[in-house]
Each structure stands twice: as C-alpha cells, then as structure tokens.
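Chemist: Here's the letter readout for the chains.
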Amino acid sequence: MSECIVITSGKGGVGKTTSTANLGVALALMGKKVAVVDADIGLRNLDVILGLENRIVYDLVHVIEGECKLRQALIKDKRVDGLYLLPAAQTRDKNAVSPENMRDLVKQMKEEFDYVLIDCPAGIEQGFKNSIAGADRAIIVTTPEVSAIRDADRIIGLCEAAELPEPMLIVNRFRAKLVKRGDMLNKEDILEILAIPLIGMVPDHEDVIITANRGYPAAFDEKSVVGEAYRRIARRITGETDVPFVATEEPETMWGAVKRWMGFAPVQAGAKAQDGGKPQDGLKEVAS
Amino acid sequence: MINLLDRFFVGRHTGSKDDAKSRLKILLVHDQVDLTPSQMDAMRAEILAVIARYAEIEPTKVDLRLERGDDGVNLVSSVAVRRVNARLAAVGG
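If you read the sequences in order, they're chains A and B. Using the working numbering, you'd call the opening residue of the first sequence number 1 and step up by one each time. Using the working numbering, you'd call the opening residue of the second sequence number 289 and step up by one each time.
Keep in mind the hints are simulated off the structure, nothing from the lab. Don't be surprised by glycine CBs; every beta carbon is placed ideally from N, CA and C. Be a bit skeptical, because a hint or two may be false.
What the hints assert, rightly or not - One side of the interface only, derived from the structure: several residues of chain B facing chain A at Cβ under 8 Å:
#1 D319
#2 R332
#3 R371
Stated by the list, open to error - Result set (DSSO-like, lysine-lysine): computed pairs, CA atoms no more than 30 Å apart in a straight line:
#4 A:K129 with A:K180
#5 A:K180 with B:K305
#6 A:K177 with B:K305
#7 B:K349 with A:K180
#8 A:K177 with B:K309
#9 A:K259 with B:K305
Unchecked claim - Computed footprint of chain B on chain A; a stretch qualifies when at least three of its residues, placed anywhere within it, have a C-beta under 8 Å from a C-beta of chain B:
#10 39-51
#11 185-191
Excised from the complex, chain A in its bound form (with noise of 0.2 Å):
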C-alpha cells in the first residue's frame, strides 16, 4: 500500500526540507521506491539539499501543465535504489498550481511510488493547501521554542479541520545540555502542550549544516547521530514498532565525571531516560 506524507510546520526554518531530503534517503535505504516532492514553488530548496540541483530539466508545474511527463520530470538519486526528485518550479508562483492538481498528481504518483514525500512551505496559505490536497497523513516538525511550536499548534489544527488523520511530531533541534539545565523545552513540555504523538527526536548537530553544504544528507552517514535519528524516524514511518530514540544526551563532560565520582551526580540519568529502548507514548500510536 502506498501512502503520501506531507512535511510541515507553518514556520520557516525549522527543518522541514532537511526533514523532508532525510526520510527520503532514510526510505529508500530500507528498500522502499520514494518520491520526494518539493511544493515549494518559487523557492525551491530541496534539490538542493539532496545535491541534485545540475540535474534539473522539467519541474512539477511543467508536469500539471502537460508540458512534460511526470517520469520525465522525476530525477533519479544515483547513490540509492529507489528515491527520486520532483523539483519546484523556481520561476513561477504558487498560483500556478491547484489544491486538485496535486491530488491528481499525488494519485498518480501513488500508483508507482510506496511513499510520497512532500516537502511543504512555510505558511498557511495556498502552497500549504496544495501540498496537503493529496496527502494520507502529516508530519509536523518543530523546534522546541515558543514561535516554532505556536505555528505547529496553528498548524495540527488546520490539518485535523483538512481531515488529515493524526498528525505526528518531530522535535527537531533538541540540544540535550540546555534541556538539561532547564532552559529548553523538553520532549514531555512539547507533547503535553501539543497533545500529538511523536514520531522522533533530532539533535542539533553540525551535521546538518555540514551535510547541506554537501548535497549529501546525513541519512547516508552510518555514523551520523542526526542520520541515525532519521533513519529511526523511517523505520517508524514504515510501520516498525520497538524502534528506541536516539539517544540525545551529549557526552560526559570532565566536571560531570568528576561531580559523580564525589558522589554528587547520577549516572547520566537523562541518557537512559532519553533512550530506554521502550517505545515511549506516542509511539504507541504511531505503530498501529
């Protein structure tokens, strides 16, 4: 059965073209055929954050309009069986496409495809209502600060009022050491406020930034934190229960080691919270 996901968040910036580019990859390394739409029109970002942006000839404006088929417009990923682009126009506006195009299209797609990704724009406005037009379910992503999870709330409820059934969450950008001291929102002060099931944690990592600079998402790193965060997210996506989070805790710092040898510290108590290899309450809903 194939299903189209979209990737959203109402605010910018947050992720969601990375977000997007990574479970891509993240699929198609489990085997899966994946299509990763970007519906940001006029401001397209995901070609290149999959570093295939020499390789376009035909956008999804060309495909609506019938300028062009759709398999010609879709471009091939070399490095994984399996994942391909569907670029944004970059010279046209979001008007250039209708909420019943991209369910037409998506419908499409559906029948070659096991997974549709769309990368969504920020907003709430037209390219948010194209890009849910077609979608079985949503993604949200948020960051753990006060804007960013506003927007999700806005959000969730437009999805729910568009009868997108159960949106979930990533929490993107978790940085463990101010959780720690209290001056980040944590997973269980983001769910309790949004009341949404979480499909994942992503640390804040200079991978990403690194990876960007590449074309080359770190979901093909074995050894990434952030590509392991994302390919969990996948294996999630696909049905997989028991999947444990990454675990988000940094590593031990010399004073740490040495507050806990005076006996004055835990064993990284957080470290095993983080990552208890039980599936935690979203992810309950997220397997069934």
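Given the coordinates of chain A, work out where chain B should sit on it, guided by the hints.
Modeler: For chain B alone, kept in the frame of chain A given last:
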C-alpha cells in the same frame, strides 16, 4: 559549594524553559479563542465588577484565566472573597 562549582563549570541555571512553557500555554489559548490580551483584561475587569456588587473581593487573590482542556477552552477562575454583602445580594437576587 557544589552549586557554586556547578555554576562555574556548567553555566547559569536560568530555567528559562518554564517561562517558555507558561507563555506558550497562554499564547495558544488566545490564538484559539481569538481574544487579545487587552480584551481579556477588559473581560476580567467586567466580571470582577459584577462580583464586587455582591461580595467584597480580596484583590490580590484573583485568578481568572483561559485554559485549554481536553474538550476546548475553559474559563478558570478563583476569586477570594472577604465577605458577602448580604444587603446588596438580596437586592440583586
């Protein structure tokens, strides 16, 4: 002593996430009901004025706010009353 050393090695424990959380909770309720903080203040003042016609209120112990519950937004209030003004209550009732 250990706290001082903690401060030195780990950095400031400002606990700003609690501010973030309480601000968010208020923000989301207001987003949902589309009521601005000044409208909220006006509503609070009017409600308290009505209560004050019947009872003497302890002004420092007034809590009136919108809260998100499972089934929508609730107006939650806790108003400390010094004494009920029986004469006025009889007229009003």
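Chemist: So, for every hint listed, does it hold in this structure?
Modeler: Hints, one by one, checked against the model:
At its closest, the beta carbon of B:D319 sits 7 Å from a beta carbon of chain A; the interface hint therefore holds under the 8 Å criterion. Proximity of B:R332 to chain A is violated relative to the hint, the smallest CB-CB distance being about 23 Å (cut-off 8 Å). Against a cut-off of 8 Å between C-beta atoms, the interface hint on B:R371 is violated, since the closest Cβ of chain A lies about 39 Å away. Proximity of A:K129 to A:K180 is assessed by CA-CA distance (about 38 Å); at most 30 Å being required, the pair is judged violated.
At most 30 Å may separate the alpha-carbon atoms for a hinted pair to count; A:K180 and B:K305 meet this at roughly 10 Å. For the given pair, A:K177 sits about 13 Å from B:K305 by alpha-carbon distance, which is consistent with the 30 Å threshold. Restraint check: the Cα-Cα separation between B:K349 and A:K180 comes to about 34 Å, which exceeds 30 Å; the hinted pair is violated. Our distance criterion of 30 Å between C-alpha atoms is met by A:K177 and B:K309, whose separation comes to about 18 Å.
A distance of roughly 25 Å separates the Cα atoms of A:K259 and B:K305; the hinted pair therefore holds under the 30 Å criterion. Check result for the region 39-51 of chain A against chain B: violated, 0 residues qualifying (beta carbon to beta carbon below 8 Å, three or more required). Only when three residues or more bring their CB closer than 8 Å to a CB of chain B does the claim for the region 185-191 of chain A stand; here the count is 3, and the claim holds.
This entry does not satisfy hints 2, 3, 4, 7, 10, going by the numbered hints stated previously.
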